[in-house]
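Got chain Y sorted already, so can you dock chain W onto it with the hints?
So the protein sequences, as listed, match chains Y and W.
Numbering follows the working numbering, in which position 75 of the first sequence is assigned residue number 118; successive positions increment by one, without gaps.
Numbering follows the working numbering, in which position 283 of the second sequence is assigned residue number 326; successive positions increment by one, without gaps.
Treat the hints with care, as some may be off.
Taking lysine to aspartate or glutamate and the EDC-like style, the derived pairs with C-alpha atoms no more than 16 Å apart in a straight line are [as the list claims (entries may be wrong)]:
1. Y/LYS77 x W/ASP176
2. Y/LYS63 x W/GLU49
3. Y/LYS85 x W/ASP82
4. Y/LYS245 x Y/ASP274
5. W/LYS45 x Y/GLU73
6. Y/LYS69 x W/GLU49
7. W/LYS78 x Y/ASP82
8. W/LYS77 x Y/ASP82
Calculated from the structure, these hints are not laboratory results.
Number of protein chains: 2
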Amino acid sequence: MKTYYECIPCLLQSIIRLFKNGLVSKKKQEIIIKKALRDLSKNAFNYSPPNIAQKMYKIVKNKTGNKDPYKDIKYKYNKLCLGFYKELKNKVDRNINPFYEALKLSVIGNIIDFGTNHSFNLIETISTYEDIDFAIDDSGLLFNDIKNANSILFLGDNTGEIVFDKIFLETINHSNVYYAVRGMPILNDSTKEDANFVGINKLVKVIDTGTDFPGIDFKQSSSEFKKIYTDADLIISKGQGNYESLSEVKNKRIYFLLMAKCNIVASQLGVKKGDIVVVSNNKIYWD
Amino acid sequence: MKTYYECIPCLLQSIIRLFKNGLVSKKKQEIIIKKALRDLSKNAFNYSPPNIAQKMYKIVKNKTGNKDPYKDIKYKYNKLCLGFYKELKNKVDRNINPFYEALKLSVIGNIIDFGTNHSFNLIETISTYEDIDFAIDDSGLLFNDIKNANSILFLGDNTGEIVFDKIFLETINHSNVYYAVRGMPILNDSTKEDANFVGINKLVKVIDTGTDFPGIDFKQSSSEFKKIYTDADLIISKGQGNYESLSEVKNKRIYFLLMAKCNIVASQLGVKKGDIVVVSNNKIYWD
Chain Y
44 MKTYYECIPC LLQSIIRLFK NGLVSKKKQE IIIKKALRDL SKNAFNYSPP
94 NIAQKMYKIV KNKTGNKDPY KDIKYKYNKL CLGFYKELKN KVDRNINPFY
144 EALKLSVIGN IIDFGTNHSF NLIETISTYE DIDFAIDDSG LLFNDIKNAN
194 SILFLGDNTG EIVFDKIFLE TINHSNVYYA VRGMPILNDS TKEDANFVGI
244 NKLVKVIDTG TDFPGIDFKQ SSSEFKKIYT DADLIISKGQ GNYESLSEVK
294 NKRIYFLLMA KCNIVASQLG VKKGDIVVVS NNKIYWD
Chain W
44 MKTYYECIPC LLQSIIRLFK NGLVSKKKQE IIIKKALRDL SKNAFNYSPP
94 NIAQKMYKIV KNKTGNKDPY KDIKYKYNKL CLGFYKELKN KVDRNINPFY
144 EALKLSVIGN IIDFGTNHSF NLIETISTYE DIDFAIDDSG LLFNDIKNAN
194 SILFLGDNTG EIVFDKIFLE TINHSNVYYA VRGMPILNDS TKEDANFVGI
244 NKLVKVIDTG TDFPGIDFKQ SSSEFKKIYT DADLIISKGQ GNYESLSEVK
294 NKRIYFLLMA KCNIVASQLG VKKGDIVVVS NNKIYWD
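With the rest of the complex left out, here is chain Y (with noise of 0.2 Å):
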């Protein structure tokens, strides 16, 4: 996806978070923010959305030399996460439709996100996510494919968002799954110190991308990631990062699982911001 005038301010919003969230000294922030906007201004649209994240971070990094802000926040979720896992784990095992129930709880656990301008209550949300349906809805497609597809690649995003995660691969319980994770911190992503820490592991095989890009970007992965990527039956994308690398591939049978966090997302997918879907690939309809 290209980066569109409305993702500009969005982006410094990231930063700014950081900020308000005490975690880059008062003395080195507008330092950050005027390198952001200068280099924002030299090279904003010749880049997607992921890739100017990792650029902004990357400054936050240098200039603070600290290569992972977003820690203690990232072992919060995973901790919070997991204290709701027992309860979830169980409404699911005892739903009449497992993997509707697992999918939904999933992709609701999008919620939890730190790059991207929304505010949420996950508490609140995973509450009442019965109530919440999907506004696009390939979920028959998907459980199909996935009966079908020898090996399946699933592209994870937050920290958190993987215990939901975690009971979605424990419901659809297949032989033969990779989990990505990043390849270093990035934002509140997940890196396999998460995917090991919330049991992932233990159920399928966890591999991480090579990168620091809050999405794929191929010309960063490692060959590893790549051939993992090629040999796969079927990629499952979770959250906005990865939708928008790979929202213009049209040569793999893929499936994005995520909310929509701004109103570009949204509209591309026909839905509002704050829906949840399921979309394969095949139904997006293109810039």
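Same frame as chain Y, now just chain W:
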């Protein structure tokens, strides 16, 4: 008021809003946004938000050659609000407290704004205005100060909104009021043309600030404006632009009448975004 980090995305949004409203040709948009980002990277924190808005708007004017991009929108809102005039004027006149009713309408009219990052539904808000209360209500103090003032300077804000100011001015029926508008077009702010169009010039003396500053900047103001400001016993200041310019003035009796359209101003005033206030400058806690 100084410019906060959160003001930057908001100020960029006000340019993007011009794009979305089709007021800037596609080929100029990228040039404008890049220049705005470059200027912000140099100057953002040396100026107040209205200062920066003026600079951003100057970029638009210079690059497009259009000195008044909001011309049609301003006319539309003046016409629309004039359409409500009779009904609302009757409502105010029949009320047991016309002053309070006219004051509330005038502040609610401040909802019309294309300079801040807030969306609004004018017609819905007007139809339910009787249910809306002031979050800070210094209306009693204001009433007395108006009664005792020999001369009043009313600082107008947006087009459309000025129709509600007209009802207020008719209601207070004070013999010595100056109504100040911007000296040149900026955003959707009112100029003399608008004040005359809605008939304010038939009620009080309409003056202008002598500049296109979307607030008050004494460095740029005409000497006529400065003299009237200095001589006035009482300043009634509408909207955020005027508030952001004068919020730190202590040697003058000022009442700020506004809808808080962003979290920064809301939090300075101790209210919620979207709240309406009529607040004396003695009651404001400074940074």
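(request) Quickly compare the C-alpha distance for Y/LYS245 and Y/ASP274 to 16 Å and report which way the hint goes. (result) violated (22 Å)
(message) Y/LYS77 and W/ASP176 were given as a pair; does the straight-line alpha-carbon distance stay at or below 16 Å?
(response) Given pair Y/LYS77, W/ASP176 is violated - Cα atoms ~40 Å apart, limit 16 Å.
(message) Between the alpha carbons of Y/LYS85 and W/ASP82, is the straight-line distance 16 Å or under?
(response) holds (12 Å)
(request) Assess, step by step, whether the Cα of W/LYS78 is no farther than 16 Å from the Cα of Y/ASP82, and give holds or violated. (result) holds (12 Å)
(message) Checking one constraint from the list: CA of W/LYS77 to CA of Y/ASP82, max 16 Å. Satisfied?
(response) It holds: about 10 Å lies between the C-alpha atoms, which stays within 16 Å.
(request) Given the hint that Y/LYS63 pairs with W/GLU49, test it: the Cα-Cα distance must not exceed 16 Å. (result) Measuring from Cα to Cα gives roughly 10 Å; hence the hint holds.
(request) Decide if the proposed pair is consistent with the structure: W/LYS45 and Y/GLU73, CA atoms, cutoff 16 Å inclusive. (result) Roughly 13 Å separates the two Cα atoms, so the pair holds.
(message) Y/LYS69 and W/GLU49 were given as a pair; does the straight-line alpha-carbon distance stay at or below 16 Å?
(response) holds (14 Å)
The earlier numbered hints that this structure contradicts are 1 and 4.
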